[in-house]
Every structure is written in structure tokens, then in C-alpha cells.
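On the provided structure of chain V, position chain A as indicated by the hints.
Read top to bottom, the protein sequences are chains V and A. Under the numbering used here, read the first sequence as residues 202 to 496, first letter to last. Under the numbering used here, read the second sequence as residues 181 to 342, first letter to last.
None of these hints come from the bench; they were simulated from the model. The beta-carbon is built from N, C-alpha and C at its ideal position, and this holds for glycine as well. Among these hints, one or two may not hold up.
[As the list claims (entries may be wrong)] Over 12 Å on every C-beta distance to chain V, these chain A residues come out as not near it, computed from the model:
| id | residue |
| --- | --- |
| 1 | Phe-194 |
| 2 | Ala-206 |
| 3 | Gly-233 |
| 4 | Trp-242 |
| 5 | Leu-248 |
| 6 | Ala-288 |
| 7 | Ser-289 |
| 8 | Leu-292 |
| 9 | Leu-293 |
| 10 | Val-302 |
| 11 | Gly-312 |
| 12 | Trp-315 |
| 13 | Leu-332 |
[Said to hold, decoys possible] Here are the simulated distance ranges between beta carbons:
| id | chain 1 | residue 1 | chain 2 | residue 2 | range |
| --- | --- | --- | --- | --- | --- |
| 14 | A | Pro-323 | V | Ser-255 | 52 to 58 Å |
| 15 | V | Leu-226 | A | Val-203 | 25 to 31 Å |
| 16 | A | Gly-300 | V | Gly-227 | 15 to 21 Å |
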Amino acid sequence: MALRAIRWGWSRAVWQRLALVLLWLGHGVWVLLGPSPARHWTSLVDALSRPSQSLATRWEGWRAARRDSGQTLAATRAENARLTQELAQIRTLTAQQAPRLAEAEEAKQLLGLKQQIPMALKAARVIFSTRPATFGGLILDRGRDLGLEPDQGVLVPEGIVGRLWSVSDTQAKVLPADAPNASVAVMLTRSRATGVLQGLGSGRAAIRYVSNQEVVQTGEAVLTSGLDRVFPRGLLVGYVGEVAQGDLELRVIVNLSAPLDRINTVLVLPSQPPLEVQPPFLAPEPKPQRKWGTP
Amino acid sequence: MRTSAPSLTRQNLFCAAALGLIVLSAPFPMLQAVLHAALVLALAPRTESPLFGTLWALAAGWALEGTLRLYPHLGGTAWADMTLTLLASWMVGRWPLEGLKGWWVRLASLSLLHALLVHGAVRLATTSHPWGWGWFWTLLSVPLWGWLTWRLLHAGPSSGRR
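Excised from the complex, chain V in its bound form:
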């Protein structure tokens, strides 16, 4: 008998067909349910709720970011205020410390000068300045209590200041080198010509008794000659500012190198110092031997 297509009739085979369909569908449902039947519904619900969950997550993230940014801004403002206050305190402290720093720096320079000049120098502090007044000078805080006497030379690292004019028990008055009644024996560096420095005021002075035959250049350094026995030879006085021919002598104007209006501490030379003072011989410090392997 030849094979032919199955004929799905409504007679006896309908029950078989129904059983077949039910068997196939039931088994398919069994397969679909799987080990945990709820997982399909869970997956479906998850898939449906994923957009809303994503939106909620983004909304919450935006709120958290906004809250964090607000806290960060507040913290930054507080830190800014604290730093501003600290900066103001530091500026005030710096302003308070500035004079002390200047004095320390000046003392350091004085110490260096003291080491360069091998003499018994004495330090004193300027407590008052009467230079704007006629025949004014500088008032030192030490007098005879420190062994000071009139006509002792006074100098600072930048150059000479003047000489002691009067000395009391606890104070001394300095006659600055630019005072009209002050005189200092000086010499020119290049020509080695000597003369007498007389003050003109305002940090300027003129050298007298320099012959017209001498050649003096502007900017030439002027040193003490030591002939007045107030200053030893070789201390810096100032620099030549103007040179003019006179009838009998050169008219040499000197700009004093010492800042007479801004002096806080001075060194006082001993009385009747020697004419020539040689700086002490300072042997160079040997460099430390560096060993291999040491940092």
C-alpha cells in the first residue's frame, strides 16, 4: 500500500489528534516553565520596569550629584573664608616681623663688617635722628656706659657715617659726615689725591684742597685717608658726583654712600685708631672631602 498523506478526520482519530496536541502543548508548557516557573514572569516584569527603573536611577543620581555639589560648594566657601583669614593673619605677622627682619639683616651686615675690620668695634642703636634740624645728628642709645668718647668714628657697612660729637652717660650724638661743620680726611681712589670732606647736607659733601692739576672722574670712589686719626685709611666714604674747575682747586662733590636717613645700628670705631688697618687673613675653609657612596 502506497504511503499517502494523513487525513485528519473528525471520527475516531480526533481523540488521538486531541491527545497529541495536548501532549505536545503540555510538554511545551512544561519546557517553558523550566525549573523556576516564576522566572519568566520575573523576567517580563523586569523588562517592563527597566525603563522606569532607569529613569528613577538617573533621577536619584542627579539629586545626589546636586546635593554633593552643594555640599562641595559650601565646603569650598568655608575653606576659602578660612584661608582668607589665615592670609590676613600671615600678612599682619609679616608686617610685624618686617622691621625685625630688616634689623636682623642689618645686624648681619654689621657682623660681616666687624669681621673685616680687625679692631674693637662697638655696636650701638640709633634711637633718634635730628638731621632735619640745623646742625642735627643721630642719637645713639649708648654713651660713656659703653666707653664711648667724642671724636670716635661711626660707620655702617655701606660707608662712614660721621663722628661722635658729644657723649653723655647713656647716649651719644653723632655728627654726620654731610653736616656743614663736619670734616673728614679723605682721598681719591685713582689719583690718590687727599683732601678734606666738608658736608653740604642731604647726603652730599665737597672735597676741599684738591689741586687743579689732579684728574678726578665722576663716579670715582672716595675713601678715608686716615690723616684725621678718626677713621683708619681705606674706609668707603662715597662716590664722586660732580667735578668742576675752581680758581685754585677742584670743586669735587661727593655723594655719601651711607644711607644717613635710614640707619638703625652703627659701629663705633675706637679712639685714635691706627692709620693703616689691614684686614685679617682669613684662610679659605677647606671643602669637605666627599666620599664615594655618601649622598
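Frame of chain V; chain A shown alone:
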């Protein structure tokens, strides 16, 4: 020239024997896969009584998964076997067999489809799992078991064809 249909008794006997071999060949998965495919695709399909063929396929699927005992939820293979048996039965009625070569081609096509459907159904019932090599050995041995089932069912003494 069309072939004759095998007798139901003979077909049921062969199906029972194949089912027993499936159970007994559990220690040899490749052989079991081949026997399983032969039962589902070649021995079980029938035009007159698709319900019995489907039951044999159902039993083959449960026997295979039962002997494996690897899946957390059984039944996927059995459902795929039922579907393929129904499809093969419909193909037998729709396109009657005319020779051994056509039988081989049909079995090869059904074997591929069967492998895909079994894998999909098991994945649906449980979860993702490795493919294994059963489908390959099944496809490779189609000429052997196709020839054997052809001789047993369609070219036996009752049909008069050798």
C-alpha cells in the same frame, strides 16, 4: 517508485529495541546520540498513527535526559523529539519515500534540524549549555543508520524490496 509502509508491530518492536539500546548505551554518549536520532527521526515517525510515534519520541527524549541526569529541568529533549517526529511524519505523508538516497538526504536534514531544536529546547528549559559532539557523530553516521533503518522498515521481507 514509492516504497511500502512498514507494519505497526514491526515498527513498535524496533522502537522498543532502540529505546532499550538508548538506555543501555548511556556510558557511550556518542553511540547514544546516534541511537536517539535513529529512533526519533527514522523509526518513530509514521503516518497512520502519529500519536504512537510521538509517544515513542517522548520516551526516547526522557530516556536520554534521564540517563544523563545533568539538567536541572528535564523535558526539553523530549519536546524537541516530539516536534521532529511529528514533522517527519508529516513529511512522510507529504513527500513519500522513493529511494535510499532521498532517505539519506531527508535524515541528514532532519538531523541538523533536530540538533538545533534539541539545543534550543534544552536552553529554554534550563539555561545555556555546551553543544557537545553528538550532532556531529549523528550526521556523520547518517549513511549507516539510515541504510539500516531503510532495510529494517522499508526494504524488509514484508515489503519485498531488498
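Worksheet item: Does A/Val-302 sit more than 12 Å from chain V, CB to CB?
Response: About 9 Å separates A/Val-302 from the closest Cβ of chain V, which leaves it inside 12 Å; violated.
Worksheet item: Are all C-beta atoms of chain V more than 12 Å from that of A/Leu-292?
Response: 21 Å, holds
Worksheet item: Is it the case that A/Ala-288 keeps its Cβ farther than 12 Å from each residue Cβ in chain V?
Response: About 20 Å separates A/Ala-288 from the closest Cβ of chain V, which puts it past 12 Å; holds.
Worksheet item: Checking the smallest CB distance to chain V, is A/Ser-289 really beyond 12 Å?
Response: Per Cβ check, A/Ser-289 is outside 12 Å of chain V; nearest 18 Å; holds.
Practice prompt. With 12 Å as the threshold, tell me whether A/Phe-194 passes as away from chain V on beta-carbon distances.
Written response: 17 Å, holds
Worksheet entry | Status of the stated non-contact between A/Leu-248 and chain V (beta carbon gap over 12 Å) | Nearest chain V Cβ is 16 Å from A/Leu-248, so the label holds.
Worksheet entry | Range hint compliance [Cβ, V/Leu-226 to A/Val-203, 25 to 31 Å] | Since V/Leu-226 and A/Val-203 have Cβ atoms about 27 Å apart, the given range 25 to 31 Å holds.
Fill in: A/Leu-332 non-interfacial with respect to chain V [C-beta, more than 12 Å]
Per Cβ check, A/Leu-332 is outside 12 Å of chain V; nearest 16 Å; holds.
Worksheet item: Would A/Ala-206 pass as off the interface with chain V, using Cβ distances and a cut of 12 Å?
Response: 22 Å, holds
Practice prompt. Against chain V, does A/Trp-242 hold up as non-interface, every C-beta pair farther apart than 12 Å?
Written response: 10 Å, violated
Discussion item. Confirm or reject: A/Leu-293 is not an interface residue toward chain V, with every Cβ-Cβ distance exceeding 12 Å.
Written reply: 16 Å, holds
Worksheet item: When you look at the beta carbon of A/Gly-312, is every beta carbon of chain V farther off than 12 Å?
Response: At roughly 19 Å from the nearest Cβ of chain V, A/Gly-312 sits farther out than 12 Å, so the non-interface label holds.
Of the numbered hints given earlier, the model fails hints 3, 4 and 10; all others are met.
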